[in-house]
Amino acid sequence: MELFRIKRDLPLMKHALVFNAISFITFAAAVFFLVTRGLHFSIEFTGGTVIEVAYPQSADIEKTRHVVEKMGYGEVQVQNFGSSRDVMIRLPVRAGEKQTEVVGKVFGELCKADAGTVSEHQEVTAQGEQISKQVCKKPDGAEPVKLSRSEVVGPAVGAELALDAAKALGVTVLGIMIYLAIRFEWKFAVAGIIANLHDVVIILGFFAFFQWEFSLAVLAAILAVLGYSVNESVVIFDRVREAFRKFRKMNTHEVIDHAITSTMSRTIITHGSTQLMVVSMLLFGGPTLHYFAVALTIGILFGIYSSVFVAAAIAMWLGVKREDLVKTAISRDDPNDPNSGAVV
Amino acid sequence: MNRYPLWKYALLLVALLIGALYTLPNLFGEAPAVQVSSAKVTVKVDGALQARIEAALQQAGVQADYVQFDGSSVKARFGDTDTQLKAKDAIGKALNPEPADPTYIVALNLLSRSPQWLTALHANPMYLGLDLRGGVHFLMQVDMKAALTKKADALVGDARTMLRDKNIRHAGISRDGNTVVIAFRDAEQRTAALDLLKNQLPEVTWTPQADGGVTGALSPKAQVVVQEAALKQNITTLHNRVNELGVAEPVIQQQGLDRVVVQLPGVQDTAKAKDIIGRTATLELRMVDDSAESLEALKGNGPVPFGTERFIDRGNGPIIVKRQVALTGDALIDAQPGFDENHSPSVDLTLDAKGARIMKDLSRENIGKRMAILLFEKGKGEVVTAPVIRSELSGGRIKISGAMTTQEASDTALLLRAGSLAAPMEIIEERTIGPSLGKENIEKGIASVTWGFAAVAAFMCVYYLLFGVFSSLALGFNLLLLIASLSLMQATLTLPGIAAIALVLGMAIDSNVLINERVREELRGGVSPQQAINLGYERAFATILDSNVTTLIAGVALLVFGSGPIKGFAVVHCLGILTSMFSSVVFSRGLVNLWYGRQKKLKSLSIGQVWKPEGEEASTAVTEA
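If you read the protein sequences in the order shown, they are chains A and B. Note that the working numbering has the first sequence beginning at 2, numbered continuously upward. Note that the working numbering has the second sequence beginning at 46, numbered continuously upward.
Don't take every hint at face value.
Stated by the list, open to error - Short, incomplete list of chain A residues facing chain B, as computed with Cβ under 10 Å:
#1 Ile23
#2 Thr47
#3 Thr50
#4 Pro93
#5 Ala96
#6 Gln100
#7 Arg150
#8 Leu297
#9 Ile299
It should be emphasised that the hints constitute simulated quantities derived from the structure, not laboratory data. Glycine residues also receive a C-beta, built at the ideal position from the N, C-alpha and C atoms.
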């Protein structure tokens, strides 16, 4: 089976302007939404409290919201998480409030709203691990609400994380640029990094537009996909270099077209298989991995597009020439070179 | 040319064996166990305890899989939870004759079900992170400023004692911020004092001032030492406190310069855990001021005298205490409830050598007077107890007795014991994960990896036929190596870690696609099959290296700057890139060589259809020749 049966090199670079225009529009839209809507940062970055509770039946979001809002913690978000029975409550940081006590108080109120009382409970799981926790019990022994997860982050920690995240992004971009510059030439380095940074911005744009939660895991996904899709540009640049050597009559246009066409099959297959994994995470990974997988999906799809069409086009516009790439290797590889030794 | 030398096959085989061996423990699951650790700093757990536990189990007629001493605790594994509970009771009864004051902590725990010969090879399963296991996580910030202030206070005391010992007269010693300020009346005394202080307290930079005084500040190096010591002591104190909770496998680690991470698997009750851990208390011992002035002040007839402070004594109303700190909690080694000669409850304190010396002097000079033990929580002080000094206290052992019940004595002892934090701490991050959520996370993570792997492998096999099978096997080998090395490192597996495993597998197949596409391309170019294999692998390698380097750059950046869950992701990601390089290039080549290498007259490769442009007949998919 072979999926890609491309007879002639696709004249892609003729449409470079179109590709770049599409890119630019998406990019501009992403920036626009980033500026106007901003990212919906998770509490890891902003500081605050997240409480996840599980009800035995479908949760009454309105009632839960009402209970929590009455407690006066300011802007509260109450939403379903994963299933209709799980509810996630997000509370902001409030000055003068002892943050670490918030979880207990909120759980207590929720419990009271369902006519239960909170008590300490010790149990041994079926596996034999001892667990002690606060449980909410009704007089008849039923558990109207369960605390499944809580997270409290102080504002200082959040600020630090945001800084570290920015550093990680900066170092990655710089590292890749240096690598590309050593490996090829500055024009390719610039082209590669612009193409892939534009992916990053577009992923962020999606998160801003849909107001998806931007967490540390999403950031990790973005960085991973950045490193991953840059190599797509590397593969194409490699081919460009090879084509410059092999086909001396082709002009830059044709060389780039040839390079893209000949790597097309590989590009789509590798990204397709990575995407298979990501789809599996989307389907089976549950709510915790959801946005991680979403970020990867957007990253992979735009990664193909940008590293194939945008990076090469930018490199072309920057004026990549045969001489930029071939000069060192020419004596070794070119049998027509009068200086080359005997070829066996 | 497509043959590996024997040593290379041997190497692959060894890697495969080691990979399988160290992956194996992860497959056995966990069995109920009982873990016994020391409840007191003074009690050491050793091999003798193992024998005692074995004897106790035998006496109770409980059959354990094994009883093992592992350095800090003794663990016994059981077949089912019923036996486990029975064993816990039996061991508890045998080791702790007084349940109110346990010498050992007997806690329920989980142990890997893997056979002992694996454990003997140090093949242990990965640790499961809190998000997979359930539990609480705290990040605590140590108040380093307070640690320095405290040190400065101690320095004031030290300087005063030294000057008095050498009969050097000064006009007052005080603390201003973190500096010690000493005033002098004449230059002669000042020179003598400077000499002495520089000699005795070299960690302090002493500078003479224009007004005839001297100021001393801790040198930057000494400050670092103070802060490190404070952090270390806090971690030790936290260990002791967590032990009181009876958690089987607590994690208490330093993070950064001034933070401590506390993870308590299995604990869901944050309120209680916080109550014990978050008790940001420090201890101080000062003299009670019983002068007429202060007695007046107590009645509300005058201001609190200079150099004293007003505190509340637990249950006894206000009390006036001198500002000067005689001893801090650092000097307290242990505090236990006990009984005095009249069989009334008492609290027994043990001080370290320096503390004992100070206490001896202090008590000799102050017989009949009262001293106060103060507990500071979040900057607010409270007098725990204010006993009268009856006699000179030598030897560093102090018995505090008076009107108290056994319960009060034991509470006071607990407070004093827990109070010896070198610097206050505050919880800045807190996370709890329910056990059911943890289990759900594991299942979801494993399902993602399994289905993703199956989908990729199926696609590869259909698209590349036999070469696809080789690629899938290489991918499986990669997974094996990755899990084995994570187990070997005893890394903690978290949900982001599982996600990273899935992602690494998805990315690792890239190398094999590259190779297979290259081989096809060579075939398309008309090269002989053997040659195509060789060239395909050779030419693809440069690209594989490139792609892995760029991915690795991102991985390392995450590793360096990431924290918490992201670090787990980054570790797996980086490690996975390295193992994938080995498995997809060396291992898959090994398989190909093994299959095709010996066939001299190889006509075709089973790598799927190799389609040729320019109207040539497409050579159909060929099965192995």
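Per-residue hint verdict: A:Ile299, partner chain B, C-beta under 10 Å: 14 Å, violated
Closest C-beta approach of A:Gln100 to chain B relative to 10 Å, hint status: 8 Å, holds
Proposed interface contact between A:Pro93 and chain B, which counts if any beta carbon pair is under 10 Å: 16 Å, violated
Restraint outcome when A:Arg150 is required to lie within 10 Å of chain B by C-beta distance: Constraint on A:Arg150 satisfied, holds at 5 Å.
Chain B contact restraint for A:Ile23 - C-beta distance below 10 Å: 25 Å, violated
Restraint outcome when A:Thr47 is required to lie within 10 Å of chain B by C-beta distance: 13 Å, violated
Agreement of hint A:Thr50 with chain B interface, Cβ distance less than 10 Å: 9 Å, holds
Interface restraint verdict for A:Ala96 against chain B (beta-carbon cut-off 10 Å): 15 Å, violated
Evaluation of the interface hint that places A:Leu297 against chain B, nearest CB under 10 Å: This interface hint holds because 7 Å falls under the 10 Å limit.
Of the numbered hints stated above, those contradicted by the structure are hints 1, 2, 4, 5, 9, listed in ascending order.
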